[in-house]
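Visitor: Chains as they are written, first to last, in the working numbering: chain Y, 1 to 1039; chain D, 10001 to 10302; chain S, 20001 to 20175; chain V, 30001 to 30123; chain F, 40001 to 40224.
These aren't lab readings, by the way, just hints derived from the structure by calculation. Predicted, not measured: the structure shown is a model, and the values here were computed from it. Just so it is clear, CB atoms sit at the ideal spot from N, CA and C, and this is done for glycine as well. Take the hints with a grain of salt, since some may be wrong.
Said to hold, decoys possible - Think about it this way: if two alpha-carbon atoms lie no more than 30 Å apart in a straight line, the pair counts; the simulated DSBU-like pairs of lysine-lysine are:
id, chain 1, residue 1, chain 2, residue 2
1, Y, K955, F, K40056
2, V, K30033, Y, K105
3, Y, K420, Y, K435
4, V, K30069, Y, K105
5, Y, K774, Y, K422
6, Y, K285, V, K30033
7, Y, K581, Y, K953
8, F, K40189, F, K40051
9, Y, K824, Y, K532
10, F, K40116, F, K40051
11, Y, K580, Y, K356
12, Y, K342, Y, K285
13, Y, K824, D, K10030
14, Y, K984, Y, K864
15, Y, K420, V, K30033
16, S, K20145, F, K40212
17, F, K40207, Y, K955
18, Y, K342, V, K30105
19, F, K40019, S, K20145
20, F, K40189, F, K40116
21, Y, K147, Y, K428
22, F, K40212, Y, K955
23, F, K40051, Y, K950
24, Y, K953, F, K40207
25, F, K40045, Y, K786
26, S, K20097, S, K20145
27, Y, K24, V, K30033
28, Y, K198, Y, K420
29, F, K40019, F, K40189
30, V, K30033, V, K30105
31, F, K40011, F, K40189
32, F, K40045, F, K40056
33, Y, K342, Y, K24
34, V, K30069, Y, K343
35, V, K30122, Y, K342
36, Y, K953, F, K40183
37, V, K30105, Y, K147
To be verified - Label-pair distances were calculated between CB atoms; the ranges are:
id, chain 1, residue 1, chain 2, residue 2, range
38, Y, E314, V, S30066, 55 to 61 Å
39, Y, K24, V, S30066, 51 to 57 Å
40, S, E20159, F, H40031, 53 to 59 Å
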Amino acid sequence: MVNPIYIVAVLLGTAFLLGLFRKKGTGIIALVALAFPVFVSASWFFHFLSGNTEVLNFFTAGAKPPFSINLQLGIEEALFTMVINVLGFLGYTYLYRDFKEQGIKSTVLFLILIMGLNVLIMSRDIFNLFVFLEIVSIAIAGLIYLKRGADTAIAGFKYLIALGVISTFLLIGIAFFYLFSGTLNIDDFLNSNLPAVKGMSMAVFLILMAILLELKPFPANGWALDVYQAAHPGISAMISSGTATASIFLLYKLLPLSSIDWLPYISIIGAITFIGSNLLGIAQKDSNRLLGYSSVGQIGLMLIIIGMAPQLGEHFNLIFLTVFISHFLAKAGLFWISGIIKKDNIRQWSVLRKNKLLLFMFGFFLLTLLGFPPFPSFYGKWQLIMELAHGSQFIWLALILAGSFFEGMYLIRWFGFAMKEKDESEEKLTIHWEKMIPPVIFTVFVMGASYFANNSSDYGHTLNLIPIYFVIALFLLDFLPAFVKNSLVIASMIIYSILLYPDISDDTLRLVFAGIFMIGGVLTLFAGYSVKGKREGFFPFVVMMYAGLIGLIEAENLFQFFFAWEIMTLGSYFLILRGKKSIKHAFNYMLFSLGGAYLIFIGFALSYFGQDSLDLSIISATTLPGWTYTLLAIGFLTKTAAIGLHIWLPGAHAEAESDVSPMVSGILLKAGAFGLILLFLLMGAEQSEQHSLLYILGWLGAITAVGGNLLAVFQEDAKRLLAYSSVGNLGYILFALAFMTNVGWLTAITYSINHFLFKTLLFLAIGGVVMRVKTHNMYEMGGLIKKMPWSFIAVLIGIITLAGIPPLAGYGGKWLFYNAVLTKGWYFQGALIFFSGTIAFLYAFKLIYSVFLGQPKDKFRNVKEAPIWYLIPQFILMIGIMVFSARPDLILKPIGTMLSQSNYFPTDPLNWEDVTATTNLGYWSGYKIMIVIGVMFVVLLGWLMIMSRKAQKIKQFNIVYAGERPFTPGTTHFSHNMFSNYYKAIGFLSWPVATGFWNGVNLFTHNVADNIRRIYSGNGQTYIVHIMIYTIVIYLLMF
Amino acid sequence: MSLFTRILFVLLGLFITLNWGLIMSGIIRKIIARLSMRRGIKVVQPYINLIKNFSIRSQLTHGVMFYLGPVFRLSGGVGVFLFMPMIYGSIYWTNFSFTGDLILISYFLFFGMLGMALGAGEGGHPYSAIGIGRGLAQFTAIEVPMTLAIISIAIQYNSLSITEIVAAQQGGIMNWTMVTNPFATIAAMLAFLGMMGHSPFNVVMAPQENPIGPPTEYHGTFLGVLQTNRAILHVVEAVLFMNLFFGGATNWGILILKTFLIYFYTVFVGMVFPRFRVDQSIPWFFKIPLVFGILAIVLLII
Amino acid sequence: MNELINHLKERFPIYDVVESTTGPTFVSLDAAKLIPMITSLKTNHGFKILVILSTVDWIEDGKFQLTYIINNPDEKTDLGIRIFIDRENASMESIHKLWVFAATFQREIKEMYGIDFPGSPGVDDQFLLEGWDEMPPMRRDFDTKKYSEDTFFPRPGRETNDPAEYMKQKLYPDE
Amino acid sequence: MKLFEIEYISLIAGFILLIVGLWGIISQRNIIKMIISFSILDTSVHLLLVAVGYIRNRTAPIIDSSVNKLNAANEITDPLPQALVLTAIVIGVGITALLLTYALKLFRQNSSLEINQYKSLKW
Amino acid sequence: MSDKKDIHEDKFLAPENRKHVVIGPDGEEIHVDPLNDYFCTDMPKVEKPYKGVMEKFLNWARAESLWVLAFGTGCGSIELPPLFSPRFDAYRFGVAMRPTPRQSGVLIISGYLAVKTLKRAIRSYEQMQNPKYVIALGSCTINGGMYWDSYNTINRLDHYLPVDVYIAGCMPRPEAVLAGFMKLKERIKKGDAEGANEYVEKLDWYKANQKKIIKDWNMPDYNW
């Protein structure tokens, strides 16, 4: 094993000797020199990892302290030096070209920087730390000027002045530390057990404060943000990942010096930093500065975790390391990408789309930062939140999630810009290959880290990662043509379903939802065959979404459930984002999903409070039922788009691609319903009655149904109409679930199946139409029945089901509803629900009439029927509707049996006599109704056919028009603002209150962020004042 | 009873219903004429009109849905008849009411509306669509007091089966829902006004401003089918209200008497009140009938 | 009214003032002076309303007479202005900028008399006569009887009687 | 009076200079003056360091003829702070030099040394 | 029957009837010929009546159920509303007003018919279904009446539409109109009122007459 001191020696030596070489070879030599420490630290790290625990202590000048400086290398030091050296090596590779232009000076500084960071981690001498801190600062201050310009110069100046003041604190602290302890060696001090004196704590305060200030806590961090913004992104990467890592480790190392308990304060500082800088990030437009804010925020999170270390116990390592490594890898990667594309405004990052790999890495790193599964920090955050809840640190939990939410807000928006904002730049993106290597390697590292995080997480082994691997495989196979990938995905989903079947075949409820998810998935994927070309970046996310959905079914513990939930959210977000005008809507979707997911997260955490297992059943045993259930319910309601939380849905569903809309509307929404079912099932009727939660949810469901349907009536956009209809239908499901009776649940499940069938059908049919006519506006269509008869039939069947008209399946839902309402006694809510049912009739008519009937438009004289691949799933769904209409007992009987045999809802079940369902109120025989109506219809049709067999076929303008003739089809088609009189009557109910409210919240957040960030006046002296005030405030807080 | 016998009786019942429907409308128009000092139409005029319409020699069609619209419409009317128990206490005149209950009927009413809407939509005439838009909009408001009344009855009799509801009302006028649950009756009868589409709720057809509304393009046989349906549906709807609120009927005579009175009530109101616009009629339904409907439920709950 | 006429006389070359106790006062004017005068009347004298714009065909003089009747709603007075234009290639300045609806009058006059009003909106559009391609029918040199007989299949055996004579014959055949 | 002992005097002087330096950094608008203030600040810390390390009645930690080698530990002051000061001075000089470089760059680019003028990076 | 080509070279062709090009959703050009694309260009056929008792019965029904298109062409239209007042009560004869030609069987030309109105009357007539009847009201429809020498009012309606019953007068009073209805009923019951078929049989002649005066034809030859 090479003694780590050689790291210092080699780097320093190279730095000095570089001047001797000719200019040409210096880069290579420096690279080799930088590779050496990687090798050394890595070899030590693996040495320790393989079981050696003996910490290596070594001394400069061969003497023991205090006469020499001792360095220490344990597993922690080895790990941190390793990551820093890797960063150094890759960072140098990245900056190779820039350094070459600058000559050896910068290279020297860089080598010194890496050396300094190494020593910072290993050294156990406080003054030595000071010295190397200064060396690092000087090196960075020099490197900042790598990018010439006034901005850079003033940033460097501010940086130096601020660090000068901070180092003054540190030095004074060291002086007094020495005065009171007589030693500068950490180990000596720790071993000496000196009595605590006030002066001593003051000295330690100054030292720790200086280190903390080095970590750029909010709000005393203006100087650092300026540097992030102005410096070369390659250097910013070093600052953000490298020095921050060293400083964090320094803090960790020096914390034991203090006699008083710093940990709570560090947590507080961390929390303020985390929330503050993430909040300010919301208002930020400059990409590098935004990364700076994010960087600072992540460090805040790490500080929180460090401060929480005692509560976290054995999990501290996992939590801290995952969060740390996510930040380390992702932030460096993002800065590097920023350096490649050279765009300041986050809106201009759309230029990323010119390079698929860059775009991929950008998304990858953002998700890593956000802590989505399966990225490492997901495991860390999960563990952190769970442990916090376990230790009843609820406020912290809320703070952390609030900060994460703010972070999500700007990162997702940024990603949206990159994916969808108009790319106005003309020039080609010039990419040097050596600049691509480091981010690529870090991407691989993230994957590796994810793997390790998964393995070392307590619950990671319970996860079923096969779908995730499949997603990765699809990413790698993205070069294949779309139909190959489509077949692959369909085949895999079928196989997976077959494999899954035995596991869930005994749980009918799960089986139904698995059926909806998987059958629906396969059917909607059929529509994808109509897309030509490669359809890059579609299939991985489809699989991701379905993996999440099926994960929900499979989940046995909270972790699996949440993992699946997040995966599903992520996949669907990307799918929605693919739509043409979806940038805003996808953002809204993700924001609400994120908020909802965090509420679910808290809910899970709260139910974990006071319990030992993570099994799903702990929800029922929660000690905080009110909070848990409310939070979980709101979380799931976000997904089902209950009124008030629905504003993301219409846009997201309407602007998605034609074959994505049925996925997200017909299928994905059921995830929320499934969550609610699971929740209600677990919490049980008695628990919830106490909190009148169900009662509120019932009303909420009814109001959602009315609101969603009413809003749908006034839409002109066909897909938006269907989307609002989904809101309404999910309201029914919520309402029915809230009954908590046998029939009520049957109703909910019937509705879930029905909604899946007809909404998927309608979205596919309308999607096919939209695909042909290239517009969403219904009033622009019209008379398409002659061009698209099959789509028309599909929509007809769909709306008959939707409106609940016998004999189709929708009626079953209505009948069950009446029985449930009457049994439960929620008459007025029930009346609201039925009112909304009639409203549904309005938009159903508007949909079918405006699109298919009325006057055909000139523009669409030549449109063809929707692609066959759209029609096939429609036929299957229609057959499904017919079968479910004629024989509802096939599905409802087993579910009813399950509901009544289990101990959930034993009373008042639905009785089946042959094919007739009866309750103590009424009866319903779908089979016989179907036959009666079918026979009658056929007879009457035949009669009329005979009566008017000679009818003359006439064309669109052969209508009576008071002796006149119509002018144009457009002005003869009565469609736009069709229900204006209805709007006059009760349109006030559809005023966009919720949208206004959320816009207000959004505006408020932005304004707050925008006003707070004005403390960063740009004046270097203000920043110094910040630092001093901050120090004084912390001092006053502590003493 | 064998299926064949049942079908036979169903067809017979349908025949009676159709004839009664035609005659009833003739009688009522005759009465109206006499009220306004006219001789008025012949009582058999509806028959003549029907024959005339079926005897029209030429037909036009705008497309498949134009064709299917009347079929849907008539299926709606006949279907409601099929699911309706006509005569209480008789196994012969219960039709196919064993397949579904009150809810089935109240939702099957939509079937015909849908057919009409689609057929008229296919016609391509803007007035048709305007009429349908108005009709549907008004219907949503009508449905609210109607639903409340149905819920109220279902609470009262603890059943959704029409046969059981009729059974509970037997034994004298004091047992009728009209007496035992007056508020539900008022709410439902006000809703019934809207359902029948007479003035003041006939803005759907409003000939003066919106030439006859949905059936603007229908003629000949198609119109004949629609008229047939109208005759059947008016009787069946009256039978529905009779069964729910007025004690049902134990023989055809009582059925004829009661349906006549119920139908006459709507026409009578229509003679007295002028026409509402849609944006007036909807708020109206949300005011008075809604209050009665809520009262009907609240009183039962208390 | 007299004041107004006097005032007008000072400013515009009006002639042929015909005053009436029952109807409007008529004045005649050169066609070229019409626009200034009518503008002045509208803006300064409260004649806010154009009542009618009508035409007379003086075929003997080879002139068209255009009559503008304007109304002062405050004083409840009317004023008629007559102008004469040549029958050949008859054309007059449009007043649609003063009264938008004057365009309708002018459109009708164009159709019926063939007097052009350049710039008047829609002046060439069909008004009452769809697909008319003959001489404008209200011109006195258009023989409407002949046109009718040529076009509309006159029913043979139709007699035309002087109503007075005819009724006298019918009622008092003895006289 | 203990207060007038040399170490206290230097200690107090150090603190006064510290305040002066900080005040200068905050209040002076001119970049050069800020750098000078920084130097003062730097010096103040050095003074503090030395004052902390001083032990009364002892001599400088230079082992030469005036100090008994065997008894050196009792005769000389603590050598460590002084060594630290040396290092600190070096670093201070380094930072000051870098600051001046930046000042020079700024002046060359914008012909101004007013810190108020450089506010393009903010928020 | 004139060639279609003539229609399109017609200088009176309305702008909305000119051939034009629209851009389809995929950017392709779509040529629209309104008169052929918007309107059915088929010609009507003679609908043969049944024979014997059946036709008699149907004719009785038709005669007893006369649905009149509410279409007033001239001053006579003011004489029609009183028909349905208690004093005259045309309902008792099975006469009723319908607002749409599709459902009407009787077209009353109520007075003078300007060329412009004739066009609308022809359209409405052609939109009615076979069997259909025309009652011409007032002298103007017979020989032009007081408008006999007008440049714009037709003189003989039977050159343009097959008239079943003329009712003379200027204007005829409602009693006369009722008498006219009686006359029409007689004709129908006798089986004489086959104006619809007559119109189809002599379509060329009718069309030639119509087109002679309607110079801006602007519609398909037969308005379904």
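Visitor: Decide, hint by hint, whether the structure agrees.
Guide: Hints and how they fare:
1. Our distance criterion of 30 Å between C-alpha atoms is broken by Y/K955 and F/K40056, whose separation comes to about 34 Å.
2. For the hint linking V/K30033 to Y/K105, the alpha-carbon distance of about 28 Å falls within 30 Å, and the restraint holds.
3. With a C-alpha separation of about 25 Å, the suggested pair Y/K420 and Y/K435 falls inside the 30 Å cut-off, and the hint holds.
4. Between the alpha carbons of V/K30069 and Y/K105 the distance comes to roughly 45 Å, so the proposed pair goes past 30 Å and is violated.
5. With a C-alpha separation of about 20 Å, the suggested pair Y/K774 and Y/K422 falls inside the 30 Å cut-off, and the hint holds.
6. Pair hint Y/K285 plus V/K30033 does not hold up; C-alpha atoms about 34 Å apart against a cutoff of 30 Å.
7. Distance restraint check for Y/K581 and Y/K953: the Cα-Cα separation of roughly 41 Å exceeds the 30 Å cut-off, and the hinted pair is therefore not satisfied.
8. Under the criterion of a C-alpha separation no larger than 30 Å, the hint pairing F/K40189 with F/K40051 is consistent with the structure, at around 13 Å.
9. Restraint check for Y/K824 and Y/K532: not satisfied, since their Cα atoms lie roughly 52 Å apart, outside the 30 Å limit.
10. For the suggested pair F/K40116 and F/K40051, the alpha carbons sit about 39 Å apart, so the restraint of at most 30 Å is broken.
11. The suggested pairing of Y/K580 with Y/K356 holds, with an alpha-carbon distance near 18 Å, which does not exceed 30 Å.
12. With a CA separation close to 14 Å, the supplied pair Y/K342 and Y/K285 stays within the 30 Å bound.
13. A C-alpha spacing of about 49 Å is found between Y/K824 and D/K10030, which places the hinted pair above 30 Å, so the restraint is violated.
14. Among the hinted pairs, Y/K984 with Y/K864 is inconsistent with the structure: their alpha-carbon atoms are about 38 Å apart, more than 30 Å.
15. A distance of roughly 49 Å separates the Cα atoms of Y/K420 and V/K30033; the hinted pair therefore is violated under the 30 Å criterion.
16. With a CA separation close to 17 Å, the supplied pair S/K20145 and F/K40212 stays within the 30 Å bound.
17. With a C-alpha separation of about 21 Å, the suggested pair F/K40207 and Y/K955 falls inside the 30 Å cut-off, and the hint holds.
18. Of the supplied pair hints, the one linking Y/K342 and V/K30105 holds, its CA atoms being roughly 23 Å apart against a limit of 30 Å.
19. Straight-line distance between C-alpha atoms of F/K40019 and S/K20145 comes to about 38 Å, which puts the hinted pair past the 30 Å bound.
20. For the proposed pair F/K40189 and F/K40116, the alpha carbon gap of about 34 Å is over 30 Å, so the pair is violated.
21. Between Y/K147 and Y/K428, the direct Cα distance comes to roughly 22 Å. Compliance with the 30 Å bound is thereby established for this hinted pair.
22. Annotation: proposed proximity of F/K40212 to Y/K955 holds, straight-line Cα distance about 27 Å (limit 30 Å).
23. A threshold of 30 Å between alpha carbons decides the hint, and for F/K40051 with Y/K950 the separation of about 19 Å falls inside it, so the pair holds.
24. Pair hint Y/K953 plus F/K40207 holds up; C-alpha atoms about 22 Å apart against a cutoff of 30 Å.
25. For a cut-off of 30 Å, the pair hint linking F/K40045 to Y/K786 stands: about 26 Å separates their Cα positions.
26. A distance of roughly 38 Å separates the Cα atoms of S/K20097 and S/K20145; the hinted pair therefore is violated under the 30 Å criterion.
27. Simply put, Y/K24 and V/K30033 have alpha-carbon atoms about 41 Å apart, too far for the 30 Å limit, and the pair is violated.
28. Under the criterion of a C-alpha separation no larger than 30 Å, the hint pairing Y/K198 with Y/K420 is inconsistent with the structure, at around 59 Å.
29. A C-alpha spacing of about 47 Å is found between F/K40019 and F/K40189, which places the hinted pair above 30 Å, so the restraint is violated.
30. Simply put, V/K30033 and V/K30105 have alpha-carbon atoms about 16 Å apart, close enough for the 30 Å limit, and the pair holds.
31. Restraint check for F/K40011 and F/K40189: the C-alpha separation of about 46 Å exceeds 30 Å, so the hint is violated.
32. Note on F/K40045 and F/K40056: the hinted pairing holds, with a Cα-Cα distance of about 22 Å set against a maximum of 30 Å.
33. Taking the CA atoms of Y/K342 and Y/K24, the gap is about 27 Å. The hint holds against a cut of 30 Å.
34. With a C-alpha separation of about 66 Å, the suggested pairing of V/K30069 with Y/K343 is violated against the 30 Å cut-off.
35. For the hint pairing V/K30122 with Y/K342, the CA-to-CA distance comes to about 19 Å; that is within 30 Å, so the pair holds.
36. Restraint check for Y/K953 and F/K40183: not satisfied, since their Cα atoms lie roughly 35 Å apart, outside the 30 Å limit.
37. For the hint linking V/K30105 to Y/K147, the alpha-carbon distance of about 13 Å falls within 30 Å, and the restraint holds.
38. Roughly 60 Å separates the CB atoms of Y/E314 and V/S30066, a value that falls within the hinted 55 to 61 Å.
39. Taken as a hint, the range 51 to 57 Å holds for the pair Y/K24 and V/S30066, whose Cβ atoms sit roughly 56 Å apart.
40. The hinted window of 53 to 59 Å between S/E20159 and F/H40031 holds, with their beta carbons roughly 56 Å apart.
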